[in-house]
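Peer 1: Each chain, written out:
Number of protein chains: 2
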Amino acid sequence: MSKHLKYINAMRSLSIQAIEKAGQGHTGMAMSACPITYTLFTKFIKISKSSQKWINRDRFVLSAGHGSMSLYSPMHFAGFLSINDIKNHKKKGCKTPGHPEYEENNFVDASTGPLGQGVAMSVGMAIAEKYLSKKFKSLINHYTYCLVGDGCIQEGISYESMSLAGKLGLNKLIVLHDSNDCQLDAKVNEAFNENLELRFKSMNWDYIKCLNDVESIELAIKQAQKNKKPTFIEVKTIIGEGTSCAGCNKSHGLKVDEKEISFFENYFSVKAKGFKFDKEIYNYFNKNVTQRGEKKYQAWKEKIDKLSKENPRIYNEFKKWTSNKFVDVSKILKSDDVNDLQATRDFVGIYMNQISKNRVNDTIIGSADLASATKLSFDVKKNFGIDSKYPEILYGIREFAMSGIQNGILLHGGLRSISSTFLSFSDYMKSSIRLGAMMKLNSSYVFTHDSYQVGGDGPTHQPFDQIPMLRAINGVYLYRPCDKVEALYTLNKLFSTKKETSIGIFTRQPISNVKGTNLDGCKKGGYILQNKSNNDITIAASGSEVGLAFEIANELAKENINVKIVSIISLKKFLENDEKYISNTLSSKYGLLTIEASSDNTWYKMQKYANNYYHQGAYTFGESMDGDQLYKEKGFNKENLISIIKKEIIKE
Amino acid sequence: MSKHLKYINAMRSLSIQAIEKAGQGHTGMAMSACPITYTLFTKFIKISKSSQKWINRDRFVLSAGHGSMSLYSPMHFAGFLSINDIKNHKKKGCKTPGHPEYEENNFVDASTGPLGQGVAMSVGMAIAEKYLSKKFKSLINHYTYCLVGDGCIQEGISYESMSLAGKLGLNKLIVLHDSNDCQLDAKVNEAFNENLELRFKSMNWDYIKCLNDVESIELAIKQAQKNKKPTFIEVKTIIGEGTSCAGCNKSHGLKVDEKEISFFENYFSVKAKGFKFDKEIYNYFNKNVTQRGEKKYQAWKEKIDKLSKENPRIYNEFKKWTSNKFVDVSKILKSDDVNDLQATRDFVGIYMNQISKNRVNDTIIGSADLASATKLSFDVKKNFGIDSKYPEILYGIREFAMSGIQNGILLHGGLRSISSTFLSFSDYMKSSIRLGAMMKLNSSYVFTHDSYQVGGDGPTHQPFDQIPMLRAINGVYLYRPCDKVEALYTLNKLFSTKKETSIGIFTRQPISNVKGTNLDGCKKGGYILQNKSNNDITIAASGSEVGLAFEIANELAKENINVKIVSIISLKKFLENDEKYISNTLSSKYGLLTIEASSDNTWYKMQKYANNYYHQGAYTFGESMDGDQLYKEKGFNKENLISIIKKEIIKE
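Sequence order for the protein chains is A and B.
Residue numbering for the first sequence follows our numbering, beginning at 178 and increasing consecutively.
Residue numbering for the second sequence follows our numbering, beginning at 178 and increasing consecutively.
Check before you lean on any hint, since a few could be wrong.
One copy or any two copies: either way a pair holds, since identical chains are not told apart in the list.
As the list claims (entries may be wrong) - Distance condition first, Cα-Cα at most 30 Å in a straight line; then the derived BS3-like pairs of lysine-lysine:
no. : residue 1 : residue 2
1   : Lys785    : Lys757
2   : Lys364    : Lys198
3   : Lys268    : Lys709
4   : Lys480    : Lys700
5   : Lys364    : Lys692
I should point out that these hints are in silico values taken from the structure, not numbers from a laboratory.
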């Protein structure tokens with residue numbers, strides 16, 4: 178270790194100083210994991226400082242994001258972060274936030290923090306690498322490294338993801354475990370006593386255990402690179418090594434003060450003041466991280482240049498995919514011959530079929546074992562793998578992993594991704610959906626079986642509280658189409674979303690007849706479907722409730738009450754319009770009725786645009802019974818709503 | 178098998194008829210799992226028809242809830258369900274919903290449907306059994322059986338729960354696996370190729386593999402009962418056995434028609450029409466399920482009667498606990514000497530300390546490795562186990578399992594339970610929280626670190642979209658206290674909740690000064706803290722935003738603008754008051770400002786009570802920086818809000 182010690186200690190010194198300056202931090206792992214990140218970055222990971230998001234770089238995900246300084250410290254010495262960046266750790270506008278945050282042009286491959294999700298994202302990256310390397314051969318050929326703590330491996334999402342990685346044989350995925358025997362509240366073995374070797378063998382991984390020195394870690398990684406399976410390397414470390422709480426769970430978030438700095442300086446015989454380091458340290462990292470990486474990048478660029486001359490077709494396709502120029506499905510999708518009176522999930526199947534026929538293979542789709550029901554499928558019988566024509570993943574019954582893995586696929590770049598399950602089970606995925614939105618990924622989901630009308634499967638399968646959960650997330654937009662035209666718009670949105678998470682919500686039950694839908698209207702999030710010269714009232718609704726609005730309007734027309742009907746395909750998009758558009762769209766003589774079978778109260782924001790206002794939402798659990806009947810009993814029927822209109826809006 | 182075949186085939190026949198009559202159902206598992214449930218119910222499970230929620234019954238959780246007919250069929254023949262109940266499968270008001278649903282007085286031990294959660298609930302039941310049997314000796318002494326499908330074991334929550342069960346050595350937990358090699362979209366091995374024996378060994382479980390015949394299953398269960406560890410029994414079954422799609426994934430939800438019935442009748446040589454069965458079938462189940470169980474129940478009752486005479490103290494305590502009469506912590510909690518200017522999470526610590534000192538041991542608390550931070554702890558060093566004075570579980574970094582396990586503890590009965598983590602990580606638990614609320618359990622949570630002010634840990638750790646997610650769930654009530662008095666109310670609520678999920682939301686940062694809080698006001702969900710004779714405007718806020726309301730009011734007082742201040746400790750509770758109370762509470766001359774650092778738009782329901790209205794919410798991700806500064810930058814500062822008041826409410 179001696180040869181490397183001064184560099185590792187420089188990393189530790191930088192880390193402890195940054196944490197002291199920030200006033201708080203995760204000292205424990207910043208100390209324990211430095212030998213691991215040192216070995217990875219100086220000996221293995223290929224990255225380019227001149228092109229930080231180089232598509233063929235090795236990926237590194239710090240799943241235990243709280244150990245951020247163990248990543249920032251080598252990145253500083255290698256020139257990716259300035260000393261001011263380090264001094265600004267956890268400060269406004271800094272490049273060194275408390276947990277690493279993915280940006281379009283930084284060295285961070287994934288935002289992490291909520292434990293376990295980094296593992297899923299790594300698996301996604303390794304999947305993307307595998308698919309792209311099959312297609313583009315040596316243009317894509319890299320490893321994915323993931324550093325986990327004890328917390329990450331206790332989380333269910335890491336288990337789900339690693340189980341799938343074992344099944345898919347992702348041999349270029351290497352997970353390193355900062356195994357320091359401590360977690361926040363206690364020693365690890367007070368909450369967790371698995372035999373990790375057996376666990377990983379059971380999941381078709383290779384398992385290597387090693388000491389926390391560079392030579393051991395290096396040897397382990399070299400062996401891992403040769404393995405035919407994904408590899409888990411357990412590195413036995415000491416949490417908070419060099420602090421007064423070394424080896425103790427209190428060091429996890431140990432407050433660093435002057436006394437602690439002195440202890441550290443004595444322990445490692447290094448300086449930990451003033452953020453000053455020998456030039457030799459910088460030279461070493463520059464040579465072994467930056468220049469080593471840059472050479473690889475230049476060699477790759479030469480390969481690309483050569484390809485542009487030798488095989489312009491593949492070159493152009495590669496360029497397109499890696500710059501997010503995917504097939505424009507709006508040119509493929511056609512609704513003309515589609516029968517309108519189906520479940521909106523059936524439109525998913527019909528449009529996916531149109532897409533499949535056009536050999537779209539730049540999109541990884543998948544389902545948590547519900548493709549047969551959600552209809553998001555190229556061909557359910559084709560599994561992910563070198564033999565599949567189109568990349569479709571059988572995620573198994575692993576919703577949370579699916580969402581985290583999709584984040585990883587998108588972070589990798591070069592591919593789109595859409596995943597599906599029932600709307601109810603989006604509950605399992607919430608944290609990953611949030612993380613994807615936070616990273617501004619072009620993430621897309623198909624969630625079907627969208628409310629009480631699921632019926633017989635009962636309240637566990639009847640969603641109503643999922644729509645508010647999803648809408649409440651910054652950057653997440655829901656699309657709840659009311660017919661084949663809006664479903665086409667939604668599918669196109671899912672395939673073309675940029676920096677936003679787009680979620681299509683579809684019904685299991687056939688919808689009733691609506692009129693006036695159009696793609697231009699959809700762009701506004703909400704628009705008028707039926708407009709009379711003198712509108713007495715307005716009904717705004719989403720998805721399957723738009724059909725109900727027409728039923729009500731037709732009934733009221735018999736009494737010469739004129740109803741304006743507004744389809745709100747995306748409530749958040751609609752409310753982002755200027756006041757005038759919103760007001761004009763919703764205006765009518767007496768007021769506004771809004772209808773959505775969900776417990777989202779965002780609709781009440783419309784109250785100010787109406788003289789009188791009533792919202793028909795869904796706030797209570799259903800029961801196992803006929804879905805249509807249940808829907809009606811929950812108030813979603815024309816008799817009830819006509820009576821409400823008369824009482825609360827027209828106020829007869 | 179021959180001796181048993183006619184009874185098992187009667188179960189299958191009943192199941193397939195019920196599914197045919199319902200028009201849809203999960204035929205696959207109803208066929209494959211009957212030998213397992215037959216063996217369990219006729220030979221092992223002790224239940225009482227006369228007292229269906231007998232506290233010392235064996236628990237049975239059908240984690241693969243879609244296989245409900247494999248539970249309903251023995252329950253019918255044993256007299257727990259009538260033939261009409263079976264005919265009404267999936268119909269309004271039925272006792273035989275699509276997925277089993279827990280009721281206060283039925284034979285179902287847990288509502289299931291979202292896969293994997295039944296495992297967590299079983300683990301919770303086994304934990305409750307272990308703790309109660311230590312305290313009440315042979316009064317509590319039962320097994321917990323759980324039946325899983327392939328889906329359940331692929332879910333992360335089952336992994337997390339089983340890992341903890343292995344650690345805790347829950348030897349009376351027996352999980353049976355309907356291992357039929359098929360899932361909805363494909364064969365299991367196309368998505369999952371773990372070695373289950375190794376997996377369970379790695380988690381400190383015993384693993385037994387057996388065939389799908391009564392003798393094999395019986396032998397396996399007998400062995401499992403003797404094990405010192407929890408046991409996983411993999412029973413190799415044939416999905417949809419006796420249907421035209423036997424052994425094929427299409428049988429999972431196979432539609433049963435007349436042709437299918439004929440196929441079934443030929444295959445098993447039994448009748449499957451008219452819901453008619455020999456009396457001998459009923460006699461057999463009556464003897465082996467009902468009478469066998471009733472004898473056990475009567476013997477237990479005699480034991481209890483004896484105890485009432487011999488040890489009235491223990492008897493009375495047992496009676497209290499098992500009838501949900503727990504220690505009334507409102508008599509313990511005192512706020513008088515508590516310093517008010519602390520983080521509200523610190524009040525959790527202070528009040529928990531008061532509770533600990535009073536030797537309250539009827540409540541299982543626990544945290545997903547954040548007790549040191551949430552302060553919900555008796556004494557973090559004491560782990561769950563026979564040596565602990567108070568039952569506190571180190572759940573490890575397993576949030577989802579924690580929530581599912583808590584549901585199981587509460588379903589078991591005889592104990593309360595409160596769990597804690599950061600509000601951000603409630604994302605991982607959403608589906609279990611929902612399921613607990615659906616079952617009307619007395620579930621409680623402490624979620625701390627409640628908004629932007631978490632600061633340096635960055636956007637992953639700064640919740641704002643979790644409050645709407647939780648409030649949107651039917652039966653879930655949030656309490657966001659603004660000071661020590663409201664924190665006391667909240668703690669008391671968490672310990673005394675009935676049929677509602679109560680969630681306390683606490684800050685990490687110290688709060689500022691508020692006045693006028695009181696326990697009677699809290700009961701209304703919202704109440705006036707400051708009332709002047711002529712209120713110009715009203716500010717209603719929750720939690721840490723109440724202090725901000727006072728800051729604004731003090732500033733406006735200098736300009737002779739009178740501010741009424743309303744604390745909304747529980748928005749949903751407040752909105753359940755009659756219109757008059759709400760209106761009187763919120764009324765003022767110009768209008769209403771509401772403030773909450775969350776993206777919940779439920780606040781907009783208050784719009785109708787005010788001439789002018791503005792809501793200051795939190796809709797965008799924060800960043801890693803000083804929390805107070807971030808909070809201010811997001812609009813939560815008096816200067817911004819005073820300007821808004823003048824512009825939007827007073828309309829100067």
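Peer 1: Should lysine 785 paired with lysine 757 be assigned to within, between, both, or neither, using CA atoms and 30 Å as the limit?
Peer 2: So lysine 785 and lysine 757 pass the 30 Å test inside a copy (12 Å) and across (21 Å) alike.
Peer 1: Please work out whether the CA atoms of lysine 268 and lysine 709 approach to 30 Å or closer within one copy, between two copies, in both situations, or in neither?
Peer 2: Answer is neither: 56 Å inside a copy and 41 Å across each miss the 30 Å cutoff.
Peer 1: From the Cα coordinates, with 30 Å as the cut-off, is the pair lysine 364 and lysine 198 best called within, between, both, or neither?
Peer 2: So lysine 364 and lysine 198 pass the 30 Å test inside one copy only (28 Å; across, 55 Å).
Peer 1: Measure nothing new, just compare the shortest in-copy and cross-copy C-alpha distances for lysine 364 and lysine 692 to 30 Å and report within, between, both or neither.
Peer 2: For lysine 364 and lysine 692, neither the intra-copy (63 Å) nor the inter-copy (42 Å) Cα distance is at most 30 Å.
Peer 1: When Cα atoms must be at most 30 Å apart, do lysine 480 and lysine 700 count as within-copy, between-copy, both, or neither?
Peer 2: The answer is neither: 42 Å in one copy and 71 Å across copies each exceed 30 Å.
Violated hints, listed in ascending order, are 3, 4, 5; each of the other numbered hints is respected by the structure.
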